[in-house]
Amino acid sequence: MSRVFVTGSSDGIGAGIADRLAAGGHEVVRHARDERRAADRRAAGVTDRFVTGDLASLAQTRALAEQVAALGEFDVVVHNAGWVSRAEQRPLTEDGLEQTFQVNALSAYVLTALLPVPKRLVYVSSDSIVRARIDVADLQHESKWTAGDAYADSKLAMTAIAFAVARRYPGTLCNAVHPGWIATKMSGDVAPLDVAAGSDTAVWLATSTDPAVLVTGAFFHERARVTFNEQAHDPAVQDALVAECARLSGVTLP
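Quick note on my numbering: the sequence shown kicks off at 35 and runs consecutively.
Simulated from the structure, these hints should not be mistaken for laboratory data.
Cβ atoms here follow ideal geometry from the backbone N, Cα and C, with glycine treated the same way.
Do not rely on the hints blindly, as some may be mistaken.
[Unchecked claim] Have a look at the derived ranges for each label pair, beta carbon to beta carbon:
{"id": "1", "residue 1": "GLY205", "residue 2": "HIS267", "range": "14 to 22 Å"}
{"id": "2", "residue 1": "GLN123", "residue 2": "GLY59", "range": "45 to 53 Å"}
{"id": "3", "residue 1": "GLY130", "residue 2": "ALA277", "range": "26 to 34 Å"}
{"id": "4", "residue 1": "ASP172", "residue 2": "ARG96", "range": "37 to 45 Å"}
{"id": "5", "residue 1": "GLY106", "residue 2": "THR81", "range": "12 to 20 Å"}
{"id": "6", "residue 1": "LEU126", "residue 2": "ARG257", "range": "32 to 40 Å"}
{"id": "7", "residue 1": "GLY58", "residue 2": "ALA277", "range": "35 to 43 Å"}
{"id": "8", "residue 1": "THR180", "residue 2": "ASP273", "range": "39 to 47 Å"}
{"id": "9", "residue 1": "MET35", "residue 2": "LYS178", "range": "41 to 49 Å"}
{"id": "10", "residue 1": "ASP129", "residue 2": "LYS178", "range": "17 to 25 Å"}
{"id": "11", "residue 1": "ASP68", "residue 2": "LEU126", "range": "32 to 40 Å"}
{"id": "12", "residue 1": "ALA103", "residue 2": "THR81", "range": "35 to 43 Å"}
{"id": "13", "residue 1": "THR180", "residue 2": "GLY106", "range": "35 to 43 Å"}
{"id": "14", "residue 1": "GLY284", "residue 2": "ARG201", "range": "36 to 44 Å"}
[Claimed, not checked] Here are the simulated DMTMM-like pairs of lysine to aspartate or glutamate, each with C-alpha atoms no more than 25 Å apart in a straight line:
{"id": "15", "residue 1": "LYS178", "residue 2": "GLU61"}
{"id": "16", "residue 1": "LYS153", "residue 2": "ASP74"}
{"id": "17", "residue 1": "LYS153", "residue 2": "GLU61"}
{"id": "18", "residue 1": "LYS178", "residue 2": "GLU122"}
{"id": "19", "residue 1": "LYS178", "residue 2": "GLU128"}
{"id": "20", "residue 1": "LYS153", "residue 2": "ASP268"}
{"id": "21", "residue 1": "LYS153", "residue 2": "GLU256"}
{"id": "22", "residue 1": "LYS153", "residue 2": "ASP244"}
{"id": "23", "residue 1": "LYS153", "residue 2": "ASP228"}
{"id": "24", "residue 1": "LYS153", "residue 2": "GLU107"}
{"id": "25", "residue 1": "LYS178", "residue 2": "ASP129"}
{"id": "26", "residue 1": "LYS153", "residue 2": "ASP129"}
{"id": "27", "residue 1": "LYS178", "residue 2": "GLU278"}
{"id": "28", "residue 1": "LYS153", "residue 2": "GLU69"}
{"id": "29", "residue 1": "LYS153", "residue 2": "ASP109"}
{"id": "30", "residue 1": "LYS178", "residue 2": "GLU264"}
{"id": "31", "residue 1": "LYS153", "residue 2": "ASP273"}
Start from the sequences and build out the full structure, keeping to the hints where you can.
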């Protein structure tokens with residue numbers, strides 16, 4: 035059985051992924067934004083260990099990495115945490131960064147860089163990247179911001195980071211996944227899939243020995259390889275994005 039860390043796993047698709055992993059006998063460490071959210075899950079009967087940290091804060095993201103690293107090595111890390119703005123104006127974090135990008139992409143970069151290298155990395159992305167683009171000169175959407183564009187672009191950036199990591203960590207299976215349109219607090223009840231269905235491919239990538247899983251630098255949906263946006267696969271884009279993430283965070287990817 036594997037030892038797995040799942041970000042953003044106090045509710046939504048992350049909780050579904052963690053629940054399925056735990057039910058399968060794997061040791062799961064969950065992440066919640068704060069202690070209140072962790073306590074709510076414990077009160078609901080979740081017995082897995084929790085670590086906490088707000089991914090909209092670089093300081094808290096670094097502290098979260100320290101908490102996780104102190105627990106020892108993990109076989110799998112699932113970067114699931116995601117956020118979408120409901121505001122009409124561009125949201126900024128305490129670090130002065132656009133919040134959607136920081137939570138969805140930059141935090142995954144920082145955690146990947148600071149944690150011990152696992153055997154597998156799974157990045158939970160979105161099919162919204164089909165309409166997205168990476169503009170390394172304007173990752174913060176300072177020129178024009180909408181919540182939808184910021185979300186799609188941040189998920190494309192996270193996907194490109196995943197593929198950059200796949201090139202740098204040849205001994206790790208590093209892949210991205212679109213879970214489907216899931217009924218969660220973030221997407222709403224009108225979504226057609228439940229959390230159990232949406233967690234399937236991520237759990238498969240994290241744990242299966244199916245030959246189809248034993249690849250790296252690929253994007254999956256419903257257990258099949260797909261390509262939603264060629265820009266994520268461009269090494270030049272990946273390298274420029276990684277360099278900008280290093281500049282913004284002060285953290286260098288090994």
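Hints and how they fare:
1. One distance hint, 14 to 22 Å for the beta-carbon pair GLY205 and HIS267, holds here, with the actual separation near 20 Å.
2. With their beta carbons about 46 Å apart, GLN123 and GLY59 fall inside the hinted range of 45 to 53 Å.
3. Taken as a hint, the range 26 to 34 Å is violated for the pair GLY130 and ALA277, whose Cβ atoms sit roughly 19 Å apart.
4. In this structure the supplied range 37 to 45 Å is violated for ASP172 paired with ARG96, their Cβ-Cβ distance being about 25 Å.
5. Between GLY106 and THR81 the beta carbons are some 19 Å apart, a value that agrees with the proposed interval 12 to 20 Å.
6. As the Cβ distance of LEU126 to ARG257 is approximately 38 Å, the hint placing it in 32 to 40 Å holds.
7. For the pair GLY58 and ALA277, the supplied restraint of 35 to 43 Å holds, since their beta-carbon distance comes to about 38 Å.
8. For the pair THR180 and ASP273, the supplied restraint of 39 to 47 Å is violated, since their beta-carbon distance comes to about 28 Å.
9. In this structure the hint that MET35 and LYS178 lie 41 to 49 Å apart at CB holds, the actual value being about 47 Å.
10. In this structure the hint that ASP129 and LYS178 lie 17 to 25 Å apart at CB holds, the actual value being about 21 Å.
11. Against the hinted window of 32 to 40 Å, the Cβ-Cβ separation of ASP68 and LEU126 comes to about 20 Å, which falls outside the hint.
12. Between ALA103 and THR81 the C-beta distance comes to about 22 Å, which lies outside the given range of 35 to 43 Å.
13. Under the hint 35 to 43 Å, the C-beta atoms of THR180 and GLY106, about 42 Å apart, fit the expected range.
14. One distance hint, 36 to 44 Å for the beta-carbon pair GLY284 and ARG201, is violated here, with the actual separation near 22 Å.
15. Using a Cα cut-off of 25 Å, the hinted pair LYS178 and GLU61 is violated, with the two alpha carbons roughly 43 Å apart.
16. Annotation: proposed proximity of LYS153 to ASP74 is violated, straight-line Cα distance about 31 Å (limit 25 Å).
17. Note on LYS153 and GLU61: the hinted pairing holds, with a Cα-Cα distance of about 15 Å set against a maximum of 25 Å.
18. This hinted pair checks out: LYS178 and GLU122 have alpha carbons roughly 12 Å apart, not beyond 25 Å.
19. Only pairs whose Cα atoms come within 25 Å are accepted, and LYS178 paired with GLU128 is accepted, the gap being roughly 20 Å.
20. Proximity of LYS153 to ASP268 is assessed by CA-CA distance (about 24 Å); at most 25 Å being required, the pair is judged to hold.
21. Proposed proximity of LYS153 and GLU256 is supported: the alpha carbons are some 22 Å apart, at most 25 Å.
22. Between LYS153 and ASP244 the alpha-carbon distance is near 15 Å, which keeps this suggested pair within the 25 Å criterion.
23. Of the supplied pair hints, the one linking LYS153 and ASP228 is violated, its CA atoms being roughly 28 Å apart against a limit of 25 Å.
24. Among the hinted pairs, LYS153 with GLU107 is consistent with the structure: their alpha-carbon atoms are about 10 Å apart, no more than 25 Å.
25. Under the criterion of a C-alpha separation no larger than 25 Å, the hint pairing LYS178 with ASP129 is consistent with the structure, at around 20 Å.
26. A threshold of 25 Å between alpha carbons decides the hint, and for LYS153 with ASP129 the separation of about 31 Å lies outside it, so the pair is violated.
27. At most 25 Å may separate the alpha-carbon atoms for a hinted pair to count; LYS178 and GLU278 meet this at roughly 19 Å.
28. Only pairs whose Cα atoms come within 25 Å are accepted, and LYS153 paired with GLU69 is rejected, the gap being roughly 29 Å.
29. Of the supplied pair hints, the one linking LYS153 and ASP109 holds, its CA atoms being roughly 5 Å apart against a limit of 25 Å.
30. For a cut-off of 25 Å, the pair hint linking LYS178 to GLU264 stands: about 23 Å separates their Cα positions.
31. Distance check on the hinted pair: LYS153 and ASP273 sit about 22 Å apart at the alpha-carbon level, within 25 Å; holds.
Hints 3, 4, 8, 11, 12, 14, 15, 16, 23, 26 and 28 from the earlier list are contradicted by this structure; the remaining hints agree with it.
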